[in-house]
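Visitor: All the letters of the sequence shown, read from the start, carry residue numbers 1 to 304 under our numbering.
Just to be clear, a hint being listed does not mean it is correct.
[What the hints assert, rightly or not] Straight-line distance between alpha carbons at most 20 Å, and here's what the computed DMTMM-like set of lysine to aspartate or glutamate pairs gives:
1. K212 / E200
2. K268 / E93
3. K219 / E204
4. K131 / E200
5. K219 / E200
6. K242 / E201
7. K219 / E201
8. K131 / E189
9. K131 / E201
10. K212 / E201
11. K131 / E204
[Stated by the list, open to error] Simulated DEER-style distance windows between Cβ atoms:
12. P61 / A135: 48 to 56 Å
13. A239 / A296: 16 to 24 Å
14. F136 / F69: 24 to 32 Å
Don't read these hints as lab results, they were simulated from the structure. For every residue, glycine included, the Cβ atom is placed at its ideal position computed from N, Cα and C.
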Amino acid sequence: MASLISIMQHALVRRVLLFAVLFAVLINFSFPESWIISGPIAAALIAALIMLNVHLVLFLPFRWQVIVFWLELLALFLVFFYSFNLSYTFIVERLPLLIFTGVGYTLLVSGLSITIASIIALCGALMRLSKNGAAFAISTFYVSFFRGTPLLLQVYLIYLGLPQLGIILDAIPSGVIALSLCYGAYMTEIFRSGIQAVPEEQTEAALALGLKPWQIMLKVVLPQAIRIIIPPTGNNFIAMLKDSSLVSAMGIMELMYLARTLGRSEFKHFEMLITAALIYWFISFVFELFQGRLEAHFGKSDRR
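Using the sequences and the hints given, assemble the complete structure.
Guide: As structure tokens, this is what we get:
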């Protein structure tokens, strides 16, 4: 009896038991007829195993903790969707079209858009910081309008509205222009804040050395500002990657358009939408890793 009391006084055991009881109550209240959980005891055992797993993994080094928890969460995620009895044959047959056509168009539209948006943002930021009233007014008006209206509305204005003025654009150029203008407005403020974060003493020192204003911007200010600009710009690119799905409204065969069209053909929307979600997630994850490498590269000076 004394040994049992000693065990119950252990913090880990108390937490496992508390979580087990709460988990059992929650599961049996939510799924009273579930064939997976056959009663409070089974639910408590599963909860105890979960808590035990968490505490055991926490003994590992931090890097391995992250890897193990990621793999376990991914496994649970896949098991969750496996339980829906999806038609995997249907998914496999249409996966090449989603990847080679849908992903191709998605990356094409997003890549062109982020490049043009970066150029617009740099010009907008310089105009925003200018002492010229006209340049400042144009920049702030542009940022205010495109940040204050929905992206889908901007897509329709360019694709459906411009033809009334005699300007007819294909779907892909219309989508690229809409995404570039919209994200260029958001990135203008990012570039502006990055440039302003560079101390004025740097500019004054460069002027004292006889450098011209454009040389100061290219060789002194921007190399230091880029470290601040990259993280939010990378986030904007990942957001743009997902917002490129809005151009499917114009019939561009990007990932979202194909997922909707293929799912509608045999009323298997869930299969295609889940597949598209996993593809978007994978692409975003790859770019997150790339962004992390860029941040580490340009942040070397801060660690010296």
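Visitor: Taking 20 Å as the top limit, are the C-alpha atoms of K268 and E93 close enough?
Guide: Holds, at about 13 Å.
Visitor: Can you let me know if the beta-carbon spacing of P61 and A135 is within 48 to 56 Å?
Guide: holds, 53 Å
Visitor: So if I understand the rule, the pair passes when the alpha-carbon distance is 20 Å or less; does K131 with E201 pass?
Guide: holds, 19 Å
Visitor: Under the criterion that the straight-line Cα-Cα distance not exceed 20 Å, is the pair K242, E201 satisfied?
Guide: The hint is violated at about 40 Å.
Visitor: Note whether the CB distance of F136 and F69 lies within 24 to 32 Å or breaks it.
Guide: Roughly 49 Å apart at Cβ, these two residues miss the hinted range, so it is violated.
Visitor: Keeping to a limit of 20 Å between CA atoms, is the pair of K212 and E200 held or broken?
Guide: With Cα atoms ~15 Å apart, K212 and E200 stay inside 20 Å; holds.
Visitor: Can you confirm whether the C-alpha distance between K212 and E201 stays at or below 20 Å?
Guide: holds, 15 Å
Visitor: Going straight from one Cα to the other, do K131 and E200 come out at no more than 20 Å?
Guide: It holds: about 16 Å lies between the C-alpha atoms, which stays within 20 Å.
Visitor: Given the hint that K219 pairs with E200, test it: the Cα-Cα distance must not exceed 20 Å.
Guide: holds, 14 Å
Visitor: Would the hint linking K219 and E204 be met if the CA-CA limit is 20 Å?
Guide: holds, 13 Å
Visitor: Would the hint linking K131 and E204 be met if the CA-CA limit is 20 Å?
Guide: Within the cut-off at roughly 17 Å; holds.
Visitor: Do the beta carbons of A239 and A296 sit within 16 to 24 Å of each other?
Guide: Distance hint for A239, A296 holds at roughly 22 Å.
Checked against the numbered hints given earlier, this structure breaks hints 6, 14; the rest are met.
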